[in-house]
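Enquirer: The residues making up each chain are set out below.
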Amino acid sequence: QQQVKQSPQSLIVQKGGIPIINCAYENTAFDYFPWYQQFPGKGPALLIAIRPDVSEKKEGRFTISFNKSAKQFSLHIMDSQPGDSATYFCAASKGGADGLTFGKGTHLIIQP
Amino acid sequence: ETGVTQTPRHLVMGMTNKKSLKCEQHLGHNAMYWYKQSAKKPLELMFVYNFKEQTENNSVPSRFSPECPNSSHLFLHLHTLQPEDSALYLCASSQDISGSYEQYFGPGTRLTVT
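As you go down the protein sequences, you meet chains C and P in turn.
Start counting the first sequence at 1; every next residue gets the next number (this note's numbering).
Start counting the second sequence at 1; every next residue gets the next number (this note's numbering).
Any given hint could turn out to be false.
In silico SDA-like cross-links for lysine to any residue, where the CA-CA straight-line distance does not exceed 25 Å [claimed, not checked]: (1) P:40 with P:73; (2) C:71 with C:112; (3) C:42 with P:101; (4) P:40 with C:40.
Stretches of chain C that chain P covers, calculated by requiring three or more beta carbons in the stretch to come under 8 Å of a beta carbon on chain P [said to hold, decoys possible]: (5) 39–50; (6) 72–86.
Think of the hints as simulated: they come from the structure by calculation, not from any bench.
Computed from a predicted structure; not experimentally measured.
Glycine residues also receive a C-beta, built at the ideal position from the N, C-alpha and C atoms.
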């Protein structure tokens, strides 16, 4: 049973466009929702994270939108650049020993 | 760099070999994790250690054996692996497991079982 569903699986956007990656979760006990960015040959790097007491969080060009009632959250990348081309993973956690539950990832390509 | 290092970066081993993966974190964290990343599958949590004590074994086969001698070091001992165990093995650390603290990942060890 996949607890965090991520879409789309792959995404191609022109430079300057706004790619949007969506995630949905099932477990209402989750209280921490991070996004990770992974480049080939590297481990996932924490990009931005949100807790359910806010509906939006911005850090630089990256924004998380959170809809608690719908159990969905999304990542928006403003003014996307070719250097943003990577695989993006959403995740969720309820703390404790369960660690992070990850989505399957989105392979993003930003075309020049 | 995230402050989490892993060695080796690449490993090829036969099914009868015994090898170990090493992880070291320089962040002063108390929790360390092993994850498995396979193609087309989500990252899978394997083991969790908090203050050197194992708190989670996520139904991992016994051919994977973790060891955490202190809060800064984590090992994954491998023996009689199967080809389907070929994957990227990632180590992560966090402040501890009480609450949803940020996890920081190492670069991973790319394991190929022949």
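Enquirer: Decide, hint by hint, whether the structure agrees.
Expert: Cross-check of the supplied hints:
1. P:40 with P:73: Status violated; Cα separation ~29 Å.
2. C:71 with C:112: Violated, at about 34 Å.
3. C:42 with P:101: Holds: residue 42 of chain C and residue 101 of chain P sit about 21 Å apart, inside 25 Å.
4. P:40 with C:40: 14 Å, holds
5. 39–50: Our answer is that it holds, as 7 residues pass the Cβ test (under 8 Å) against chain P, meeting three.
6. 72–86: violated (count 0)
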